[in-house]
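Visitor: Could you build all of it, start to finish, from the sequences and the hints given here?
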Amino acid sequence: MSDQPYLVSARKYRPQAWDAVVGQSGITQTLQQSIASGQIAQAYLFCGPRGVGKTTSARIFARAINGFEVQDEAMSFNVFELDAASNNKVEDIRSIVDQVRIPPQQGKYKVYIIDEVHMLSQAAFNAFLKTLEEPPAHAVFILATTEKHKILPTILSRCQIFDFHRITVPDAVAHLQHIASEEGVNAEEEALHVIAQKADGALRDALSMFDQLVAFAGKNLTYQAVTEQLHVLDHDTYFTLTDQALASDIPGAMLLFNDVMARGFDAHHFITGWANHLRNLMVCRDPQTLRLVEATDDVKAKFQDQASRADLFFLVGGLDVLNQADVQYRGSQHQRLLVELALMQICSHEALKKKSPDAGLMVPQAVAAPASAPAAQVAAPPAPPVPPVPVPEAAPVQAEPVEAARAPVEPEAAPEAAPM
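Those letters in the sequence shown? Residues 2 to 421, per the working numbering, in order.
Hints listed in this document are in silico derivations from the structure and should not be mistaken for laboratory results. C-beta: ideal position from N, C-alpha, C; glycine also. Do not rely on the hints blindly, as some may be mistaken.
[Unchecked claim] Taking lysine to any residue pairs in the SDA-like style, the calculated list, with each CA pair at most 25 Å apart, reads: (1) 151 <-> 88; (2) 109 <-> 37; (3) 303 <-> 314; (4) 303 <-> 321; (5) 199 <-> 90; (6) 220 <-> 6; (7) 90 <-> 109; (8) 149 <-> 233; (9) 199 <-> 9; (10) 109 <-> 151; (11) 131 <-> 105; (12) 13 <-> 50; (13) 109 <-> 43; (14) 149 <-> 30; (15) 151 <-> 50; (16) 90 <-> 13; (17) 199 <-> 295; (18) 199 <-> 292; (19) 301 <-> 289; (20) 90 <-> 117; (21) 131 <-> 149; (22) 301 <-> 311; (23) 220 <-> 184; (24) 149 <-> 83; (25) 199 <-> 233; (26) 303 <-> 334; (27) 149 <-> 201; (28) 303 <-> 266; (29) 131 <-> 160; (30) 220 <-> 297; (31) 109 <-> 39.
[Unchecked claim] Distance windows between CB atoms, simulated: (32) 342 <-> 185: 22 to 28 Å; (33) 109 <-> 134: 18 to 24 Å; (34) 104 <-> 38: 22 to 28 Å; (35) 162 <-> 264: 43 to 49 Å.
Guide: Take a look at the structure:
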């Protein structure tokens, strides 16, 4: 056993120079140019997911603007780090405000790195506003956070904002390969791909998993050891399942899902994993989008081979079914039945398409019908026309003779008047 204390890879291989920062080339170039031109702002905000290099870049920047070397002990007198998660009171900020007035003993700038700045209280933010807006010429503030939306707009307007993005799988794999070679670990490339994908863009998480796997498997890091230790379903499971779905093999798919559950995997993880597999198949259908698949060349070849046997309707319909199952999973009272129903729907798609070629992309609605639909009934021949029923002729109606015009009635003669 070595006499030196053990350091985790995240600390042992923490970047000490700009060219060692992984996956943030745009930000590092901007900061380097600002240092070279002497345009140093009074406040910076580094925001982004965890484990992508925010604090590391802040330390390198603090050292660079003062011209310190990596091992220069004077740097400790010019850089002050505060964890706002545990020092979020007004008194903590006021102590910084009091220290800001004192110029540095060595170097040109005093740099204050405040990590997790979104954890500061409302009163602490208000106490910090004036100092952040008009700090002394020798003071530089670097705020780091994973939740920019929780910071007051008045704070954001006083800072230059740099958005750190997630580390891509190729960048993470390249960094892990470098560390593996430095540590003398024989690691398969596909195994490192699994680590990088599991880390979800956080390089620090990838390094932590790497240390754990080396402690488990020793100096020989294989794909099988990584999938077993990280509890990840391998690619072969999804390739086999998709082949069964293309062959409409519902019993085989149900047995494979039962085996996955017996191995302790979560059914929701199974759904999302298969959806990602179908997405990769969709991407592999076009050579222009093949680069969007984050996998080794051998796995990409498998995706291309299976994508050539899966048509567009199957892939889009399967993704639609799995997306609906993903949305309904948390609120379902019968989660396993929900996943099994999705399996049966996807496996039935090819058979239904043969019966109804015009089903198109309406896979969920088509699958909702019974698998054994009754054959279409043969139309019965039209009934013979019914002869019209003869209607008896009505007897002719004789018109009554019109009476002769009555003679005009003569008015009665008025009685003659009596002679006077």
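Visitor: Would you mind marking each hint as holding or not holding in the structure?
Guide: Structure-based check of all given hints:
Between residue 151 and residue 88, the direct Cα distance comes to roughly 17 Å. Compliance with the 25 Å bound is thereby established for this hinted pair. With a C-alpha separation of about 15 Å, the suggested pair residue 109 and residue 37 falls inside the 25 Å cut-off, and the hint holds. Only pairs whose Cα atoms come within 25 Å are accepted, and residue 303 paired with residue 314 is accepted, the gap being roughly 20 Å. Using a Cα cut-off of 25 Å, the hinted pair residue 303 and residue 321 holds, with the two alpha carbons roughly 23 Å apart.
Annotation: proposed proximity of residue 199 to residue 90 is violated, straight-line Cα distance about 36 Å (limit 25 Å). Distance hint between residue 220 and residue 6 is fulfilled; the C-alpha atoms sit about 20 Å from each other, no more than 25 Å. Between the alpha carbons of residue 90 and residue 109 the distance comes to roughly 29 Å, so the proposed pair goes past 25 Å and is violated. The straight-line distance between the Cα atoms of residue 149 and residue 233 is roughly 32 Å, outside the 25 Å bound, and the hint therefore fails.
About 19 Å separates the Cα atoms of residue 199 and residue 9, which keeps this hinted pair within 25 Å; it holds. In summary, the hint linking residue 109 to residue 151 is not supported, as the alpha carbons are separated by about 32 Å, beyond the 25 Å threshold. Among the hinted pairs, residue 131 with residue 105 is consistent with the structure: their alpha-carbon atoms are about 21 Å apart, no more than 25 Å. A threshold of 25 Å between alpha carbons decides the hint, and for residue 13 with residue 50 the separation of about 21 Å falls inside it, so the pair holds.
Restraint check for residue 109 and residue 43: satisfied, since their Cα atoms lie roughly 13 Å apart, inside the 25 Å limit. The suggested pairing of residue 149 with residue 30 holds, with an alpha-carbon distance near 22 Å, which does not exceed 25 Å. This hinted pair checks out: residue 151 and residue 50 have alpha carbons roughly 14 Å apart, not beyond 25 Å. In summary, the hint linking residue 90 to residue 13 is not supported, as the alpha carbons are separated by about 33 Å, beyond the 25 Å threshold.
Restraint check for residue 199 and residue 295: satisfied, since their Cα atoms lie roughly 12 Å apart, inside the 25 Å limit. About 19 Å separates the Cα atoms of residue 199 and residue 292, which keeps this hinted pair within 25 Å; it holds. Our distance criterion of 25 Å between C-alpha atoms is met by residue 301 and residue 289, whose separation comes to about 13 Å. For the suggested pair residue 90 and residue 117, the alpha carbons sit about 13 Å apart, so the restraint of at most 25 Å is met.
For the hint pairing residue 131 with residue 149, the CA-to-CA distance comes to about 20 Å; that is within 25 Å, so the pair holds. Proposed proximity of residue 301 and residue 311 is supported: the alpha carbons are some 15 Å apart, at most 25 Å. With a CA separation close to 9 Å, the supplied pair residue 220 and residue 184 stays within the 25 Å bound. This hinted pair checks out: residue 149 and residue 83 have alpha carbons roughly 18 Å apart, not beyond 25 Å.
Proposed proximity of residue 199 and residue 233 is supported: the alpha carbons are some 8 Å apart, at most 25 Å. Distance restraint check for residue 303 and residue 334: the Cα-Cα separation of roughly 37 Å exceeds the 25 Å cut-off, and the hinted pair is therefore not satisfied. For the given pair, residue 149 sits about 19 Å from residue 201 by alpha-carbon distance, which is consistent with the 25 Å threshold. At most 25 Å may separate the alpha-carbon atoms for a hinted pair to count; residue 303 and residue 266 meet this at roughly 24 Å.
Annotation: proposed proximity of residue 131 to residue 160 holds, straight-line Cα distance about 13 Å (limit 25 Å). Taking the CA atoms of residue 220 and residue 297, the gap is near 21 Å; set against the 25 Å cutoff, the hint holds. Under the criterion of a C-alpha separation no larger than 25 Å, the hint pairing residue 109 with residue 39 is consistent with the structure, at around 12 Å. The supplied range of 22 to 28 Å is broken by residue 342 and residue 185, whose beta-carbon atoms lie about 50 Å from each other.
Distance hint check for residue 109 and residue 134: the Cβ-Cβ separation is about 21 Å, which falls inside the suggested range of 18 to 24 Å. Separation of residue 104 from residue 38 is about 23 Å and conforms to the stated range, judged on CB atoms against 22 to 28 Å. For the pair residue 162 and residue 264, the supplied restraint of 43 to 49 Å holds, since their beta-carbon distance comes to about 45 Å.
Of the numbered hints given earlier, the model fails hints 5, 7, 8, 10, 16, 26 and 32; all others are met.
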